[in-house]
Amino acid sequence: MVPGIVAFTGKFFPHSFTLLRNVADIMDFFEPDYFIELLFSGLTKGAIYALIALGYTMVYGIIGLINFAHGEIYMIGAFTALIVSTVLSIYGFPLLAIFILAAVAAVVWASAYGYTIERLAYRPLRNAPRLSPLISAIGMSIFLQNYVLLAQTSDFQPFPALVPDFAFMEPVAHIVGSTDLVILVVSVIVMILLTVMIKFTRTGKAMRATAQDKKMALLVGINVDNVISITFITGSALAAIGGLLIASHVGQINFYIGFIAGIKAFTAAVLGGIGSIPGAVLGSFILGLTESFATGYVSSDYEDVFAFSLLVLILIFRPAGLLGKSTIEKV
Amino acid sequence: MYTEKEEHHVLKPKSLHSFLAAFAFATGVSTGALAADTITIGVAGAHSGDLASYGLPTVKATELVVNDINEQGGINGMQLKMLAEDDVCKPEIATNTATKLVSENVNVVIGHICSGATKAALPIYRDANIIVMSPSATNPDLTQSGDYPNFYRTIASDDLQARTMVDFVTDKLHAQKVAIIHDKGDYGKGLAEFAKTFIEQAGKIEVVLFEGVTPGAVDYSSVVQKIKRSKADAVIYGGYHPEASKIVSQMRKKRLETAFLGPDGVKDDTFIKVAGANAEGVYATGPADVSQNPLTKKYRQKFIDQEGTDPGAFFNNAVAAALALTSAIEKAGSTDSEAIANALHNETAETPFGAIKFDASGEPIGIGFIMYQVKNGEYVQVQ
Amino acid sequence: MLPLKDIRNGLMVAGWFVFLTFPLMVIKVNPVEKTIVWRWPNMLYVAAGSFIAYLYVKLAQKNKKAAILVACWTAYLALPLIRYFMYQDISILIWDTTTSIYAAVGAFHMILTLCLFHKHHILRKILSGIWLLFIGTPVVMLLAQAAGKILLPKIPAALHFLTPFIITIEHIQFWNWIRILWVALACYLLYSSLQTYLASKRNIMPDHLTNEPKIRWSQYLYKRPVYLPLLTFCSTFFLLFPHLFSTYQVNIMISALMYVVLGLGLNIVVGVAGLLDLGYVAFYAVGAYSYALLNMHFDLGFWVVLPIGGILGAFFGILLGIPVLRLRGDYLAIVTLGFGEIIRLVLENWNDFSQGPSGISNIDRPPLPGVDLSLEGSIVYMYYLTIVMVIFTIFVVNRLQDSRIGRAWFALREDEIACQAMGIDKMKTKLTAFALGATWAGMVGVLFAAKTTFVNPASFTFLESAIILCIVVLGGMGSIVGVIISALVLILMPEYLRAFSDYRMLVFGAVLVIMMVFKPRGLISSVRRTYTINDETL
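Residue numbers (the working numbering), protein chains in the order written: chain S, 459 to 789; chain L, 927 to 1309; chain U, 132 to 669.
To be clear, the hints were calculated from the coordinates, so they are not data collected in a lab.
Keep in mind that the hints are not guaranteed to be accurate.
To give a feel for the contact side, a few chain L residues facing chain U, derived at Cβ under 7 Å [stated by the list, open to error]: (1) N1022; (2) K1045; (3) R1052; (4) K1110; (5) G1111; (6) D1112; (7) K1115; (8) G1116; (9) K1199; (10) A1203; (11) E1206; (12) G1207; (13) T1235.
It should be emphasised that the depicted structure is a prediction, and the values quoted were computed from it without experimental measurement.
Cβ atoms here follow ideal geometry from the backbone N, Cα and C, with glycine treated the same way.
With the rest of the complex left out, here is chain S (with noise of 0.2 Å):
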């Protein structure tokens, strides 16, 4: 029995040798290209993730509600591009004008398609208990799926390659490609947009109020209901301006493509804190980038464990993510 066990455990652990080359890999980590390229890769699935956490993030600090359903926004999102741009194309407009049109489109759509949901499937149940509108927001995930699956197609669609390839990025363009870099670009400039537009205007005043309490919103004259909608509204645009630029960078779409996208997104929310607009921003990149450095220096076979580790300790050392307000608690 004894040395039976012995050859058990051994048959369980023969990769500690190359856990150790794994080391000697880490030490050799002033490859300064190697490790530009990863943090570029990681900077651009940052800033994919941020794009959709932002959505989760905001519907949650104004409802507390976990739209399930986000993922599929930004998959619906990304399928209007599509189908506009290939349209579009075979009526022989320049690319610059598809990639505009189509990003207007995916933007028109997504918006309706967050509005007709939360009125469809969550604004009833505002008084509900707590966990129904999740389910229904699960509902709505499976439904959205197979909506798309039934409409279009269940295979693989190749997507245009919106972004051309810039001249001036070909001396690099083995570290960072021309797609990142839009990606990057517009990612950060729509993310300044969104920090000004709830900062300075009235409706992103409404927000933050009716996010802070949706009843004393009510009794001075915010029309809660308006700010929700103007809330799903904004982050389904988001969402689907991450679904045009990543299905352009990835180049192939299909109607499953919400559902990973979305949990990871949700992840780097509650890692920065859900509800924090900045923390979720914040959460995403890290997210990205530990994944693309745990690719890069360890193994990708445990990318998601990585990832997932990380997130239950920092959430061991603060509970309400990077930059949440720990709630105190009151009798």
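For this one, chain S is given, so just place chains L and U on it according to the hints.
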């Protein structure tokens, strides 16, 4: 002699009856007792869900073969009947599917499509003493473990495929360093591990990278960078085409021109469509080109006539399975499993792959793999 | 009738949905070939569908009874038509299970209508006559069919055309039972339309003006005259199930019953203790793999591993519980989700431990001492094992809820701080909730591995956790009966929806949303224990 099918035909023209007939409830059709003079062929596989495109051609192929044989008067005077059941490629559902087929008294089964589902379902057929022939389950365990004497397949197993890829990389591409990437799935990882073992056994070349990627992940650029840093001369990929096209596209975007080899999961026209120009030069293994075989032509044409599209992957294998089984039943002269098995092992059957029979473990003799390469937007055989 | 305003709004809603679904439903592009297919009819379907749906919801808001009737009858009449047009399926001509179920549903609709409009005394008598016909028909038919099979060949062929319910074509005899059904149906439909008409004329007093307290229908379940016969019926049904239905049905039922146990287990964590767990499937995986691995390496039997699976489940429950003790609400949700994924990923990647994605096959089925079971025998045996497991779970969970620890969980769910102030150890209470919840998942995992004889990590995805959670919430959090019903519905529904093949997951998603919107507290909300103090001195 009236079978149920004919009864329906007799009644169908009456409009009143068809209207009455509309009165069904969505609980599935109850098939009633089977007449002893029909042979039922069960067809199991993914007929819905995201892998349906692999499963549905099998149903169609079986249907075409069954109709053909029935038109010619059946086998030894017995009519054939087909019973298709969906398993969505999930092991836990596959056991339900298998139980259903067994309880419907099928004589033989064509399926299942995915190796995992097949593995889960086989013990049920084994206990019921039913012969199963899969057109697409390539996991070597299914035949090599010896656990499933009732299992046959019309596709070569993964280890043979891995062997083909490794030999090609070593002898034709003269690569020194190889990166092996897989999709962590049953099929992909199994294949990747075989490739790794073969390379290590030969000892001529080196595996510099062995990694799994998460299917459906947002992007794979970190893995691509890792491939680049490993300075591999060739990438062997185990998995299906969606991830393969993502990885190849990102490799080419990063100006990485390393040779890329995929298994038959990549040798799919969708891969070329999705990867577009980036697919050029990609190698993939696949069953030998049999497009000139008269049987292949015949069934392919029938499929196109009825469905209006090209048949998908594994169509030829499914036709081969249907033909092999029916001819074995005919030669055995009974539906007794022992007799059919005997015929499968000893008598050759004409299929789209030529004349095939099966070895003792259930592997087909006469079906192998060859290497293809994408040239000008289509797969051509590498000489 | 519906006012014009509703119709106008309905048109606007239809317009909005046409706009919304335009790109996805109407245009279908092929980006490679650069071709577009415009599917304009879809636009019409969307418009009509959303218009009717809107009007229907409006009707439901105004007159609930009429709405229920309309829904039931539309479904009843539309299903066979859909089936006919989609599949050209005419199997109904032969009297079989399909038709008998259809007749039974008809009877159910009948009873429903009876319940809704039970105030008409004279008509009720006519109605009960037809009702009897309806209920009796399937029974008579089944008997007659059996008799017919024996007798028919003996009746001279010349006489066949005289019997109105037998069709004779060439040499085949058909008993056209469906005609009786049609007669009954026609009478009944006529009657119920009359009823609806009368009901709309009558001035119905709103519920809140009557003095009687409103009784939720679920509370009827707890009345002795209702639940005793119901319980007897259910237990007979479940006991006889394997003898009444095919092995396939039994197999599906085993899966459904396993989900009952999983639902009851998760109910402890989510429903009773109020801790949102999105990674419950992890413990299920732990149980399944513990049996698979122990069976493979050490040849341990089912009965030895069953408790081990439970204990391992509990152990992992505590392992998860400790780091998340400080977390609240949705932070807890994401950590549990992550935990579930980690377990699955480890099983997927750690080949030497779990054989990776190819899984472990050839796991032993539970043995019955002294008997060599055939496949069917072992499925039936498995079925009874699961039934015992379900009963055991119900018993334990029920007792737990009323115990000291159960009351502590309820208190924890309602208010953590007040709970602590009452001297309840928050940490211990939470940990026991996690551990006890996970125990069930571990045991069902063992059962699952023994049933499928094969496990691989693909069976333990997040979607699985989500479905178990849906069972708990849909059933009504904390309610045992609710969880049982919703587990049976949610797991059996996709199986029976197979006729709709591609549409089944679409329908599943829609049903979840609709159920939540219209019954946010679940099918059966748990009855709160109330204490009445009759002490005069107070």
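Original post:
Against which earlier hints does the structure fall short, listed by number upward?
Top reply: 3, 10, 11, 12, 13
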